[in-house]
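K.L.:
Single-letter residue listing:
Protein chains: 2
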Amino acid sequence: MTVTASANALRIGVAGLGTVGCGVLRLMARHGDVLAQRTGRPIVVTGICARDRRKDRGLDLHRFQWFDDPVELARSDAIDVFVELIGGENGPARDAVEAALEAGKHVVTANKALLAHHGAALAARAEEKGVALNFEAAVAGGIPIVKVMRESLAGNDITRVYGILNGTSNYILSRMQQEGRPFAEVLADAQARGYAEADPAFDIGGFDAAHKLSILTSLAFGTQVSFDTVYVEGIERITPADIEAADELGYRIKLLGVALKTDSGIEQRVHPAMVAKHTALAQVDGVTNCVAIDADQAGSMMLIGRGAGAEPTASSVVSDLADIARGNRVAPFLIPARNLKPYTRAQMRAHEGGYYIRLSVYDRPGAFAAIASRMAEQGISLESIVQRRKGGARDAVHGDGQGAPTPVVMITHRTMEDSMRKALEAIEKDGHVDAPPQMIRIERL
Amino acid sequence: MTVTASANALRIGVAGLGTVGCGVLRLMARHGDVLAQRTGRPIVVTGICARDRRKDRGLDLHRFQWFDDPVELARSDAIDVFVELIGGENGPARDAVEAALEAGKHVVTANKALLAHHGAALAARAEEKGVALNFEAAVAGGIPIVKVMRESLAGNDITRVYGILNGTSNYILSRMQQEGRPFAEVLADAQARGYAEADPAFDIGGFDAAHKLSILTSLAFGTQVSFDTVYVEGIERITPADIEAADELGYRIKLLGVALKTDSGIEQRVHPAMVAKHTALAQVDGVTNCVAIDADQAGSMMLIGRGAGAEPTASSVVSDLADIARGNRVAPFLIPARNLKPYTRAQMRAHEGGYYIRLSVYDRPGAFAAIASRMAEQGISLESIVQRRKGGARDAVHGDGQGAPTPVVMITHRTMEDSMRKALEAIEKDGHVDAPPQMIRIERL
Chain C
0 MTVTASANAL RIGVAGLGTV GCGVLRLMAR HGDVLAQRTG RPIVVTGICA
50 RDRRKDRGLD LHRFQWFDDP VELARSDAID VFVELIGGEN GPARDAVEAA
100 LEAGKHVVTA NKALLAHHGA ALAARAEEKG VALNFEAAVA GGIPIVKVMR
150 ESLAGNDITR VYGILNGTSN YILSRMQQEG RPFAEVLADA QARGYAEADP
200 AFDIGGFDAA HKLSILTSLA FGTQVSFDTV YVEGIERITP ADIEAADELG
250 YRIKLLGVAL KTDSGIEQRV HPAMVAKHTA LAQVDGVTNC VAIDADQAGS
300 MMLIGRGAGA EPTASSVVSD LADIARGNRV APFLIPARNL KPYTRAQMRA
350 HEGGYYIRLS VYDRPGAFAA IASRMAEQGI SLESIVQRRK GGARDAVHGD
400 GQGAPTPVVM ITHRTMEDSM RKALEAIEKD GHVDAPPQMI RIERL
Chain V
0 MTVTASANAL RIGVAGLGTV GCGVLRLMAR HGDVLAQRTG RPIVVTGICA
50 RDRRKDRGLD LHRFQWFDDP VELARSDAID VFVELIGGEN GPARDAVEAA
100 LEAGKHVVTA NKALLAHHGA ALAARAEEKG VALNFEAAVA GGIPIVKVMR
150 ESLAGNDITR VYGILNGTSN YILSRMQQEG RPFAEVLADA QARGYAEADP
200 AFDIGGFDAA HKLSILTSLA FGTQVSFDTV YVEGIERITP ADIEAADELG
250 YRIKLLGVAL KTDSGIEQRV HPAMVAKHTA LAQVDGVTNC VAIDADQAGS
300 MMLIGRGAGA EPTASSVVSD LADIARGNRV APFLIPARNL KPYTRAQMRA
350 HEGGYYIRLS VYDRPGAFAA IASRMAEQGI SLESIVQRRK GGARDAVHGD
400 GQGAPTPVVM ITHRTMEDSM RKALEAIEKD GHVDAPPQMI RIERL
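As they're listed, the protein sequences go chains C and V.
Going by numbering that gives the first Met the number 0, the residue at position 422 of the first sequence is 421; the numbering climbs one at a time, nothing skipped.
Going by numbering that gives the first Met the number 0, the residue at position 313 of the second sequence is 312; the numbering climbs one at a time, nothing skipped.
Rather than coming from a laboratory, the hints here were simulated on the basis of the structure.
Keep in mind the model is a prediction, meaning the values are calculated, not measured.
A hint or two may mislead.
Which copy is meant is left open, because identical chains are indistinguishable; a pair holds if it fits in one copy or across any two.
Derived lysine to any residue pairs resembling SDA-like cross-links, with alpha carbons at most 25 Å apart [unchecked claim]:
id, residue 1, residue 2
1, 428, 199
2, 340, 28
3, 276, 444
4, 340, 31
5, 340, 33
6, 260, 25
7, 276, 30
8, 54, 376
9, 54, 28
10, 276, 247
11, 276, 178
12, 260, 33
13, 128, 328
14, 340, 27
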């Protein structure tokens with residue numbers, strides 16, 4: 000049996016019945032009536048598609064027309080909107096989305112990889128066909144950041160968009176912070192609990208955040224999506240010593256995605272960052288995400304919420320469907336895709352900001368003087384210095400010992416990354432440190 | 000000279016040229032071009048209206064057609080959208096909005112008092128006429144909470160909406176917190192700096208927050224706006240002693256507006272509340288606002304941003320205009336106004352939660368035992384008790400002294416407000432306290 004939709008119903012095809020796909024079906028089953036009242040017309044799932052028809056998903060799927068091929072569902076006369084929840088930048092997801100647009104169907108997708116790689120082209124196709132391409136669920140799960148940037152900030156010039164865009168990394172950093180345990184140990188535990196994938200590189204390496212950031216960048220600055228140029232650093236090298244020193248200096252370490260307009264272009268970067276402890280962003284712990292925007296009219300704004308999971312992501316998918324049901328349209332990337340400007344990358348070496356530096360310094364005469372002079376050569380001035388003895392006691396800096404290395408932590412004033420890296424390279428070459436320096440950028444909120 | 004708008008331009012009339020009105024004109028002058036690109040058509044201010052034509056507003060107003068009477072502007076053939084920035088629940092603002100709707104003009108307003116009192120009726124009229132009634136700027140300034148609730152959460156059942164809705168109160172509480180100074184002193188200073196009105200009662204008494212809350216309640220629960228039933232308590236009675244004790248116990252004191260669905264109806268309340276110190280909401284200081292939502296699908300979500308001021312409020316007005324320019328429509332209160340349910344008020348005495356209690360207890364044998372037994376009679380159990388000596392030192396409770404009153408601070412476990420009030424009435428009647436008890440509700444975030 001298949002669902003018969005009333006004349007003015009919006010008919011939905013859902014491709015991909017994983018966590019989010021099933022979340023969408025459950026949400027529609029639970030709130031379909033109120034949704035119809037709110038949008039003025041029924042929204043009805045008519046067709047579905049997934050790889051394995053026989054898998055038990057805890058849902059009665061007999062009411063829906065089954066498709067084995069997502070492209071076939073995408074083109075089907077039984078649907079008005081194609082919801083792509085398959086995932087992956089190419090393959091069936093891309094084929095099906097392209098087929099849907101070609102057939103004049105609206106598309107809703109949660110697929111950040113697809114958008115990060117083919118966003119502008121797909122948007123252009125959607126615009127030519129006069130259909131919607133909505134992707135609220137692709138960035139930060141249940142947080143309505145796409146709508147806010149496309150609609151609420153229509154009258155604003157945005158200078159920076161940034162945030163905590165990956166729940167797994169934030170969960171790991173939060174637990175390292177709370178428990179003082181090393182990265183590898185917390186990661187293993189997170190994997191055991193299902194908070195991290197068996198292959199965690201995509202999340203902890205910063206690539207997932209980079210996908211999302213590249214979409215936000217395009218929305219913020221009217222530029223073509225440029226995922227390949229995002230500077231990406233993961234959280235693998237963060238140690239309990241960094242987290243402890245950060246705390247002492249008034250900071251928390253967060254994996255941030257930041258897109259910033261500068262004089263030389265746009266910085267797109269994902270990296271661990273020091274953020275002031277007594278800010279709302281610093282309190283965003285666990286799998287929670289947040290996105291902040293600096294806009295010339297609205298000022299600084301932050302949205303905090305659940306960045307993943309069946310229900311929050313389904314909530315965003317359904318909000319996109321509600322817009323389509325109401326006939327409300329906005330260009331996928333706010334301005335017509337053909338008007339998106341080429342992305343001009345600002346070099347990371349031109350980045351300016353404060354830095355946290357942790358060195359493991361051989362405790363011998365002259366070592367610290369040599370380090371300080373390397374900093375001075377590059378015109379870097381220091382805001383604070385902490386030297387720690389092995390016992391963990393804090394001491395004034397006075398290199399009177401010999402031999403075994405001592406951790407030295409420094410916070411610099413605003414400087415250029417090029418200078419910072421040159422100073423660190425020189426320090427390493429001088430042979431006063433027994434391990435590569437740790438460098439963490441400070442992000443002013 | 001008047002502006003000639005191109006054929007497909009959206010023509011705007013702005014009534015009220017105070018802070019926000021001038022902010023809108025400046026924003027349109029600065030970003031008009033990009034706004035046209037983003038919405039697909041020019042948005043052009045054609046008519047303006049204010050009380051005093053000769054006042055210097057630092058703007059060149061000669062390009063616009065001047066109207067002395069807002070009702071005349073509202074009905075003018077020169078406009079498609081009437082932007083009401085006059086203020087006030089009745090009088091010219093209401094007259095002009097009604098006239099605009101009657102004439103089939105879209106309406107954008109920042110007027111929370113108007114909506115709190117006449118929201119449902121105006122929404123019904125707008126729906127009959129098939130025009131928009133948008134009011135993003137009426138709640139929390141630049142924070143796009145109306146859009147998020149009307150559109151992004153369309154597929155959600157909301158159980159609670161709450162937040163810091165008044166910047167003046169939050170500014171005063173933040174400074175009391177940071178400086179340890181008493182309310183009256185900080186208020187006077189805030190007035191001198193222009194952060195508080197000469198007559199501050201509307202802000203610090205909680206009424207401004209109540210206006211905004213009543214609108215959020217309607218959006219969250221699909222109920223008729225019911226401002227008169229909001230329980231309102233201001234911040235006048237908060238003392239440095241409360242703020243200090245809160246800090247010690249792990250809390251910050253914030254003036255919250257809370258709308259909560261309960262078994263017996265909806266609680267709408269504005270009052271000072273204890274919130275856990277290590278939460279994002281607790282870090283929202285100064286004039287910043289925030290709104291949080293508990294939704295069944297999206298989960299817990301929070302928006303933080305600037306709650307007032309020319310630019311943030313203008314940003315919200317212009318986002319409403321952009322929606323109208325694009326032809327995007329949503330019912331003012333999410334569902335058709337005729338379907339809004341009557342508001343069923345939950346009695347404050349039925350409120351359940353934890354409480355902070357500060358008593359000034361005569362330091363004599365038996366006083367504390369009497370207090371404890373009054374609590375026990377009402378079935379109230381205590382989570383923590385702190386007794387402070389005059390010197391400020393913290394001591395175990397052991398009523399061994401005599402005479403002069405000692406502050407005693409208690410945190411209760413979850414209890415019913417009726418029980419709490421009865422216990423406090425009995426304690427006061429017993430004569431062991433030399434001042435009325437301080438009672439502050441604890442809000443779980």
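K.L.:
Now tell me if each hint is right for this structure.
P.N.:
Verification of the supplied hints:
1. For the homomeric pair residue 428 and residue 199, neither the shortest alpha-carbon distance inside one copy (33 Å) nor that between copies (64 Å) is at most 25 Å.
2. When the C-alpha separation of residue 340 and residue 28 is checked against a cutoff of 25 Å, the pair qualifies only between copies, where the shortest distance is 23 Å, while the shortest distance within a copy is 42 Å.
3. Taking CA atoms no more than 25 Å apart as the test, residue 276 paired with residue 444 passes in both settings, with 11 Å inside one copy and 19 Å between copies.
4. In this assembly of identical chains, residue 340 and residue 31 lie within 25 Å of each other by CA distance solely across copies; the values are 19 Å between and 40 Å within a copy.
5. In this assembly of identical chains, residue 340 and residue 33 lie within 25 Å of each other by CA distance solely across copies; the values are 13 Å between and 41 Å within a copy.
6. Taking the shortest alpha-carbon separations for residue 260 and residue 25, only the inter-copy value of 23 Å comes in at or below 25 Å, while the best intra-copy value is 41 Å.
7. Neither within a single protomer nor between protomers do residue 276 and residue 30 lie at most 25 Å apart by alpha-carbon distance, with minima of 40 Å and 35 Å respectively.
8. Taking identical chains as interchangeable, the C-alpha atoms of residue 54 and residue 376 are never at most 25 Å apart, the minima being 65 Å within one chain and 57 Å between chains.
9. Only within a single protomer do residue 54 and residue 28 lie at most 25 Å apart by alpha-carbon distance; the minimum there is 20 Å, versus 58 Å between protomers.
10. Taking the shortest Cα distances, residue 276 and residue 247 sit within 25 Å of each other both inside one copy (10 Å) and across copies (18 Å).
11. Taking the closest pair of Cα atoms, residue 276 and residue 178 come within 25 Å of each other both inside a single copy (17 Å) and across two copies (19 Å).
12. In this homomeric assembly, residue 260 and residue 33 come within 25 Å of each other (Cα to Cα) only across copies, at 17 Å, whereas the closest approach inside a single copy is 42 Å.
13. In this homomeric assembly, residue 128 and residue 328 come within 25 Å of each other (Cα to Cα) both inside a single copy, at 13 Å, and across copies, at 22 Å.
14. For a Cα distance limit of 25 Å, the shortest separation of residue 340 from residue 27 across copies, 23 Å, qualifies, whereas the shortest one inside one copy, 38 Å, does not.
Of the numbered hints stated above, those contradicted by the structure are hints 1, 7, 8, listed in ascending order.
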